[in-house]
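Enquirer: Listed in order, the protein sequences are those of chains U and P.
Its first residue numbered 32, the first sequence is counted upward by one per residue in my numbering.
Its first residue numbered 26, the second sequence is counted upward by one per residue in my numbering.
It should be emphasised that the hints constitute simulated quantities derived from the structure, not laboratory data.
These numbers come from a predicted model, not from an experiment.
Cβ atoms here follow ideal geometry from the backbone N, Cα and C, with glycine treated the same way.
Errors might be hidden in some of the hints.
[To be verified] Dumping the calculated EDC-like pairs for lysine to aspartate or glutamate here, alpha-carbon to alpha-carbon at most 20 Å:
(1) U/K74 / P/E175
(2) P/K80 / U/E187
(3) P/K189 / U/D53
(4) P/K156 / U/E82
(5) P/K156 / U/D53
(6) P/K156 / U/D78
(7) P/K80 / U/D55
(8) P/K156 / U/D55
(9) P/K189 / U/E119
(10) U/K122 / P/E175
(11) P/K130 / U/E187
(12) P/K252 / U/E82
(13) U/K51 / P/E175
[To be verified] Which chain P residues stay away from chain U? Per the calculated CB distances, all over 12 Å, these:
(14) N137
(15) L214
(16) P247
[What the hints assert, rightly or not] Short, incomplete list of chain P residues facing chain U, as computed with Cβ under 8 Å:
(17) E135
(18) G150
(19) R157
(20) A181
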Amino acid sequence: MANTIPNRQVICDTLLELAKEDRDIMVLASDSRGSAAMAPFAKAYPDQFVEVGIAEQNIVGISAGLAHSGKKPFVTSPACFLSMRSIEQIKVDVAYSATNVKLVGISGGVSYGALGMSHHSVQDLAVSRAIPGLAVILPADRHETKRMTEALVKHEGGAYIRIGRNPVEDVYENDDYEFVIGKAVTLREGGDLTIIAAGETVRVALDAHDALKEAGVSCRVINMHTIKPLDEEAVVKAALETGHIITVEEHSIHGGLGAAVAEVVVQHAPVPMRILGIPDEPAIAGKSAEVFEHYGLSADNIKKLALELLGR
Amino acid sequence: METTALKAKAAQIRMDLLKMIHGAKTGHTGGSLSNTDILTALYYRVMKLDPANPKWDGRDRFIASKGHSVESLWCILGDLGFFPKEELKTFSQFGTRLIGHPNNKVPGIEMNTGALGHGLAIGVGMALAAKRDGRDYRVFCLMGDGEQAEGSVWEAAMAGPHYKLDNLVAIIDRNRLQISGSTEEVMGLEPLEEKWAAFGWHVVSIDGNDMDELVRTFEAAPEIPGKPTLVMANTVKGKGVSFAENVAHWHHHVPNDEQLALALAELSAAIESYEQEGLVR
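Working from the sequences, and respecting the hints, build out all of it.
Expert: Right, dumping it as structure tokens:
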């Protein structure tokens, strides 16, 4: 049966659990407690919840002040606004001042598909990746979201997390695996080609793996849940051992996962590579799945691209 | 410290910062001179601080939202022993930690600032943390008047009264000049006090270069429980140096040898008169 629990709800449930023991955990919302699925947290821990109103610069500044005072703030705000409107606060108040603020961009990528470019966040990885010391994480499914949230509470330092709005199909069978920030997970072994994905495209990559298997291609699949710090070792190993790389991301083809991987590949292990993502244009309107299909973020298209890359 | 001694201290800090800017050949002279009295009142009288233990939990917090006027702050922190005063000579030099904006690698600096319109939101966060934890420290945030054009100032201005942060004191260094000229010509701010009052702040308007008024105002806050305080500190940009007073050009003009000598002579004379005043008392 398909999963019906969105990642945002998993973050709330996990924080609700952890906040029992840790009174420094705080959640902030910008009139977004509903869309962030944080209403239960606000109700259970009113002293650990802060409503800021529709003011993304303010929410990051206030969180930096709270973190400076020993709190562990989780900012939950739409990724499109959080990653753009408040980027200077992220740069100065979080990264430069070195405050322990977790920035959770909700309804990320093209989750708000039909609402248009103002509500798409497909430049957020490029922007956040350029901020010194900021971790950038995209969990692949609900199990990873749980493990990531636990890791974030323990992690000292700033981080930008992007999650989608709707439930995503499971990638993991359960949450019984080790999640380490900055350590990629190889989900499938293979020798001809590596597909590197993050967030909601990991499921697509796994489907592509199966389609390629039928075509006789042995395909490695890496879940690069942490875009920064990037697991360079996993990338180099994939390049050397499989000789071909395709990256798949719900993000502009400029500056995101593909760019991060390419920076490593060209310098340390040059191999043929393809970057699959949203082209440099205002993304088309539609449901997430329709937008993914339109831009070829699909198993079929990855298979086609892989066969081309392999010259088959 | 008594107010007469505070006045002499402020004059000494002005001398120190002028020498530092002259030596470094760079600095925001005008704004640092205008806010020196405010900082002297806070650091030598009002705020709970321990220079030997800069991260002491119970300390009052200061955020220099107008981060560019850091020269007076560096001189005060050096004078109080947060770091060796000798280090002031490295101001703005290659590799120094005493850069042209507050830097929290330096003991006594809470947060890095420099991009305008950031400080008050941070102050709201610090004051809110104190309220939620039942702590009694206070938070002081100094803003520029030109800074009032930043929209983010008003996001924070809305949040302070919403959360009833009477442990928060925002100060505007109202010297009426910014880099391009008069604040009212660049982007009209008036009626500024009414704007803050309308946002729910308890507004107190004072002469921001008058030590007695500064001390009285800071010590009295909060006068209204549940309301944050906005101190409109009406100051003179370039205060204490006759030829720099009220001249926009001195925003980041550096004194030459002759101007430095003249300024130091004026300030020495001021210190002497405060000392005599102290003796008479």
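Enquirer: Hint by hint, note whether the structure agrees.
Expert: Going through the hints against the structure:
Only pairs whose Cα atoms come within 20 Å are accepted, and U/K74 paired with P/E175 is rejected, the gap being roughly 34 Å. Taken as a hint, the P/K80 and U/E187 pair is honoured in the structure, with Cα atoms around 18 Å apart against an allowance of 20 Å. For the given pair, P/K189 sits about 25 Å from U/D53 by alpha-carbon distance, which is inconsistent with the 20 Å threshold. In summary, the hint linking P/K156 to U/E82 is supported, as the alpha carbons are separated by about 15 Å, within the 20 Å threshold.
Between the alpha carbons of P/K156 and U/D53 the distance comes to roughly 18 Å, so the proposed pair stays at or under 20 Å and holds. Between the alpha carbons of P/K156 and U/D78 the distance comes to roughly 10 Å, so the proposed pair stays at or under 20 Å and holds. Between P/K80 and U/D55 the CA atoms are separated by roughly 18 Å; this keeps the pair inside 20 Å, and the hint holds. For the suggested pair P/K156 and U/D55, the alpha carbons sit about 13 Å apart, so the restraint of at most 20 Å is met.
Restraint check for P/K189 and U/E119: the C-alpha separation of about 27 Å exceeds 20 Å, so the hint is violated. Taken as a hint, the U/K122 and P/E175 pair is honoured in the structure, with Cα atoms around 17 Å apart against an allowance of 20 Å. Between the alpha carbons of P/K130 and U/E187 the distance comes to roughly 17 Å, so the proposed pair stays at or under 20 Å and holds. Among the hinted pairs, P/K252 with U/E82 is consistent with the structure: their alpha-carbon atoms are about 18 Å apart, no more than 20 Å.
As the CA atoms of U/K51 and P/E175 are separated by approximately 39 Å, the hinted pair breaks the 20 Å bound. With a least beta-carbon separation of about 4 Å from chain U, P/N137 fails to lie farther than 12 Å from that chain, contradicting its non-interface assignment. Remark: the non-interface label on P/L214 is consistent with the geometry, its nearest Cβ contact in chain U lying 20 Å away (cut-off 12 Å). Non-interface call for P/P247 relative to chain U: holds, since the shortest CB-CB distance, roughly 18 Å, exceeds 12 Å.
With 8 Å as the threshold, the beta carbon of P/E135 comes within range of chain U, its nearest partner Cβ sitting at about 6 Å, so the hint holds. Interface hint at P/G150: satisfied, since its Cβ lies 2 Å from the closest Cβ of chain U, which is below the 8 Å cut-off. About 6 Å separates the beta-carbon of P/R157 from the nearest beta-carbon of chain U, less than 8 Å, and the hint is met. Interface hint status for P/A181: upheld, as the beta-carbon distance to the closest one in chain U is roughly 6 Å, under 8 Å.
Hint compliance for this structure: hints 1, 3, 9, 13, 14 are not met, and every other hint is.
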